[in-house]
Structures are given as structure tokens and as C-alpha cells.
Amino acid sequence: MANVISDETIDYVGILAKLDLNVEEKEQAKKDLAEMLDYIDELGELDTTGVEPMSHVFPVHNVFREDVVVNGDDSENILKNAPGEKDNMFLVPKTFD
Amino acid sequence: MSDILSLTAVELGKAIKAGTYTAVDAMKAVIEQIEKCEETVHAYVTIDKEAALAKAAEAQKKIEAGELTGPLAGVPVAIKDNMCTEGMLTTCSSKILSNFVPTFSSEAVINLEKAGAVVIGKTNMDEFAMGSTTETSYYGVTRNPRNPEHVPGGSSGGSAAAVAAQECFFALGSDTGGSIRQPASYCGVVGLKPTYGTVSRYGLIAYGSSLDQIGPLCKDVTDCATILETIASHDPKDSTSMKREDTDFTSALVKDVKGMKIGIPKSYFGEGLQEDVKEAVLAVAEKLKELGAEVEEFDLDHVKYAIPTYYTIADAEASSNLERFDGVKYGYRAEDADELHRMYKKTRSEGFGPEVKRRIMLGSFVLSSGYYDAYYLKALRVKALIKKAFDDAFAKYDIILGPVAPTTAPKLGCSLSNPMQMYLGDIYTISVNLAGLPGISVPCGTDKNGLPIGVQMIGDCFAEKKLIRAAYTYEQAAKEV
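Residue numbers (the numbering used here), protein chains in the order written: chain A, 4 to 100; chain B, 86 to 566.
None of the hints are false.
When the alpha-carbon atoms are kept at most 30 Å apart in a straight line, the in silico BS3-like pairs for lysine-lysine are as follows:
| id | chain 1 | residue 1 | chain 2 | residue 2 |
| --- | --- | --- | --- | --- |
| 1 | B | K564 | B | K340 |
| 2 | A | K89 | B | K180 |
| 3 | A | K29 | A | K97 |
| 4 | A | K33 | B | K180 |
| 5 | B | K472 | B | K328 |
| 6 | A | K97 | B | K414 |
| 7 | B | K343 | B | K363 |
| 8 | B | K372 | B | K550 |
| 9 | A | K33 | B | K389 |
| 10 | B | K431 | A | K21 |
| 11 | B | K346 | B | K564 |
| 12 | B | K363 | B | K389 |
| 13 | B | K414 | A | K29 |
| 14 | A | K34 | B | K180 |
| 15 | B | K340 | B | K328 |
| 16 | B | K496 | A | K34 |
| 17 | A | K89 | B | K414 |
| 18 | A | K83 | B | K134 |
| 19 | B | K414 | A | K83 |
Treat the hints as calculated values from the structure; they're not laboratory data.
Could you build the full structure based on these sequences and the hints that come with them?
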């Protein structure tokens, strides 16, 4: 394998991904990531100098609409899905001490 | 009553209109079939029989009152579980959405309901549509109705299996890298991925937003055109939705391919392609040639780069799209997390399965500073080259014809242990999503073990009508033999 993923890298990616991986998962993730990157590295064979990155296949750019509210207040129904709710708001664990 | 199930969606719609059957008869027949088959097939995650029967009775009233006159009025439909359905559990086949009941329906479902189609329930899929076998579902595997030892394909495996097992008259699926076409091929049904932007993605739980499209899985090409005509719409709620004037897809149900130019990419028939798949697909080309099409082999550039490009882009988008599942607004929340950030991490780690985590990790990596240019931007540049290769091909050909997948449906339990190998199976379908093109899978025979084979036809952007015409012509000709 050409790519080697360090413990630091996998920990950093875990922070970005908001995932807690256990020791076993971490080892597997290092292996999987390295294998995929080796494969993705094949793209390096292609000369893409001067090629613009294409995010959208059609020439559609910013699509604007009038800033008008069209939906009603559905907060009661929406909050029914919330794992925690208090006073018509989402309830979460404490955010700081 | 038993033969009602063998009708296509359009045939059933006609029979209901003619008074031969009612919408309630159709729903009862489907529910009976579900009770008979589900134990083996497991195509559905959620079925609400009572609500379905009530809605069928309501549709029947409106049909009789002349308020519903469309071809799909009263026809039972199954919806892939990544499309929001108001008041009905929508799980994406994930633990993290195990208790999510949407407060609104996706636009495609609303379009179907306006036309009088009646939702039966939600079909199983690979978790968050990440997979090719429907084995990554948190709710257990779906089995291929043609042979229950085999997978139905994925990620819309439940939808394809439900159609094949006659547990619905048609279904909606979504296709990010082949997720409609490949299960359609494995289960022996018709499946179409429309041009990007043709069907609104509003209410479709996003995986790779620049690649996702909703489309039909159904019994024949006539159903396919009819369903697509019903679900296609310009929707201001989806900023990537296109304003198309040419959505009268049923007008393309014409048996005629005279003068149609069909290109066959040589590289689609190389190493790794199962021999009887190759023969069946080439026989379709031969048939269309007999019927007056001009068939020619050609070199399609950059085929081998489609998979690495796709997994870079799709996983990058997935890592961003799936950030919303954090245990705050809906879905599963991990217990015993006393601080917000720990709650996020614990919820996501417990709520997502291994394949979803794998893709979120890769996606987060390719978007991280220091790697963004080398991986993500590089993939977007290659995507431009892949699009250009198709542009060049469609300057010469009306459609491109090839296999849907290198093999027929693999056995259950053989695919997940080697993700890389599974990804390679997407080779023929994936570039279609990268280039935003429409593609259809049509049954074209079986392999030596009796498993279905599908032929794929790919069109230029907005050229669904050419696909429908070619597919319809082949289907009608194949019936005559």
C-alpha cells in the first residue's frame, strides 16, 4: 500500500466526521482509507491542467427566490421528532460547564 | 382476483377506470401478496395496511366522481425509505432514523398522490443508499424474489424486489451511482434514472446531492414512461430542479428505431464481464440492428476513472449531508452523554453502520485542508473530462448501449467483506450519474442459473425519449419471439 494513514490522521478525521471509533474500528478505518486512497490516486495519471472543476453538470449557478415565508408554523409537529424538547425548543445536554 | 397482480400499473389503472376492479381490490390483492411473500423477500421496512386500504377507498371515490382520471389513479405504489412520507416512518434503513416520522412528503410522492397512486409502505434499502446489495440495511437483508439465495441488488433493492414479487404495482427508487438500474437488472424489472434535475429531490434524504435522482422501478417500459411523466416536475424547493417542457414521455412509446444510431463502448465488454451477460446484452444490440438501428462500436474515454472519481465526490457530499444526524432535531440519540459534543459523537457512532461510517470518514478526509485540492478538486476536474467524453459520444450516437452490471445478482453474504470489490461492480452505471445523464435498465434474458440480466441504455441529457423509444421497441420485439 502506497498510502499509510497514521493514528494522528485517523483521530483528526474522526473529529471532522464526529465519529468515535474504537480501537478495532480505527485499525480497520486506517486500512480502508489507505486502500481507497491508493485507488483514487489513479486519477493522478490524468493530466487535468487547465480543466475547470465541475461541480454541476449544467450551467446552473445561483438560483434565487423571493425571501418570503410560504410555510406555516409547524413547530409542534417538528418537535414531536426531537429526542429532547422543552418550552417549544430542542433540548440538548449542557454545552459548557 | 389472483391475476390482478400480473397486470402492469397502466393496465391496472385502465381496469380500475373500466370498473373491472376497484382501487381497494388492488390494494387487498397487494396486501395478500405481501403477507405471502414478505417472510422470504423482506422488501419492506414499513407497511401501514389500514392506512393503505383507507387511502385506496378514498382514491376509488375520487375515481368514481371523475376527480381522478390519470393512468395511475388507484394503483398501489411502494416508496424507497429515503423519501419522506408525511406521517409515515422514514428510516433510510438506518438505526439513526429508526423513529423519524416526517412532517411533510417528498415532491415526487406528492406528485404520485395527486395522480391518485396509493402508497402501501416504505421499501428496504442499503443504509442511506450506500451499498449495492441491500445488505447494509439496519433492518435486515432483502432477498431476490427470482432466487432468495441471492441479493436483490441495491441500494433500491427493496423497491426492485417488491415489484418483482408483485408486492406492489410499481415503486420509486433513487439512483446515486446505479441504485435504480442495478437492482432493476438483478430482479428482472425495468428501472430508469432520469436526467439530473428532472425529478425534484425535495424530501429525498440526501446522499450525494449532485448525483442523486429519483426514478421508477416497474414492470415494463410503458409503466416507466407513465410514472416518469407523473413524477417529473420543476420544483422551486429544489434549486437544482430543471424547467423542462418535454416531459410528455409516453409520447415516445413508439416501436421504431429506424436510423437510430447506437454506440457500444468497447471497454464495457472487456475483462470481468460475465460471459452470458455479455451475450445477452449484445443480442439486444443485434435485435435493434435488425429493426433498423445503426449499431457501432467505439472507444469511450476515461471509463476506468469513473469509480475513483465517484467515490471521492459522493463520499465528500455524504460526509457533509449526513452531518445533520446528530441527535438534536430528530432520530436516535445516545443515552448517557452528559455534554453536547460527546452526545453528537456517541449518537453518530452508535447510529450509523460500518459502510456509512467508512464513507463519512473518506469524505471528511478528501475535504480536509491539505487534501481538498489533491483529492476533491482533482475528482471534480476528472468529472469534467468524463462529461466531455460523453458529449463527444453523443455527438455521434443517439444512445449508448451496454451491460448494467458485470455479473448477475451475487449470493447473499458474499459482497460486504470486500468493499473495494463491491465498488468495482458499479463500473457501468456510475459515470452516468457523474455526467447527469439518463439511463434505463431493461430485462434481456437470464443467465445459466436463471438469474435476470439487464441491458442498459444511456442517453444524452434530456434524451429520455430516445431511451424510452429504443427500450420500448426492444421490449415489444422481444415479446414477439
